[in-house]
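Asker: Sequence:
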Amino acid sequence: MALLEVNNLSTSFFTDAGEIRAVEDVTFSVDRGKVLGIVGESGSGKSVTAYSIMQILAPTGKIVNGSVKYAGQELVGADEKIMHTIRGNKISIIFQDPMTSLNPTYTVAHQLMEAIMLHTDRNRSQARDRALEMLQLVNVNDPEKRLDQYPYELSGGMRQRVMIAMALACEPDILIADEPTTALDVTIQAQILELMRELQQRLGMAIILITHDLGVVAQMCDELVVMYAGSICEQGTADEVFYNPRHEYTKGLLRSIPTAENSGQLLQPITGTPIDLLNMPKGCPFAPRCDSAMKICLTEFPERLKINEDHYASCWVNVREQVCNTLPEAEREIPCV
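At position 35 of the sequence shown the residue is numbered 22 (our numbering), and the sequence of numbers has no breaks.
A hint or two may mislead.
Derived SDA-like pairs (lysine to any residue); straight-line CA-CA distance at most 25 Å [what the hints assert, rightly or not]:
1. K238 / P268
2. K56 / A37
3. K269 / R8
4. K77 / E28
5. K21 / H199
These aren't lab readings, by the way, just hints derived from the structure by calculation. If you're wondering where the values come from, they're calculated on a predicted model, not measured in any experiment.
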């Protein structure tokens, strides 16, 4: 049994303008000790998926279908008392911007100790000792001094280390990192990613890494989920998705990455703009931006095609390839040209 199982998860936001289907029929699992990357552009549903797992949606948001199981325990519909034992204790989350995630009016010690005392039976003295231990674990220099400082007195990288320390203070089984390096400069990004990988290997926890940066994914992840417009378009091992991409959106993302091979050349951006989630098309949501789109792409949502044991893609282009390679012409419903 996987440590975390997400099955057919759909989450919507109900606004005055209508229903926004932010996450649609998302399915994946995470094993203990593995790093799963969820990648996609802004608005693809990455963060909403994480917030749905943690049951911390905005008031207008609601899980309308699906299941989220941690160690076999259903979280969708669970009462707040149960979620209190899960959040921060079994599943922790690091948010995008540490400056807005940390309370500017409390010291680092206060915030770390609050998290520790909330989920354990440690007293204040023991909680402070644990807070100091956690700052040492995440390589904060002069940790005793940092405990009594306020967030504004710390650098961006230092604040993110404090957030990681807070998330790991109760030794969770799963760490969700939502764009953990977005607000940091490149040098600090590398340090934070190296720290997370080191801690993951040392502590044996699973990580769900949410990002739009494929370079980060290549460095960190064992498995990969690619999302577009709230749906999963491709998933598999990181190697399979990187070296054998089968969805046109994934291929477009990879073409837009600067590499040694395309140095000095113009990058190839994905043309067009993301779709309006209030007015979802009938077919593949990526079809209006896809250079390989066929008529069926505009009218029917693509089937989830198994490429191999570790690789799936929802793309009619792949179905066409399979049909053209296996069926006689008279039985084909999709053109092979």
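Asker: Of all the hints given earlier, name the ones this structure violates by number, lowest first.
Answerer: Hint 4 contradicted; others consistent.
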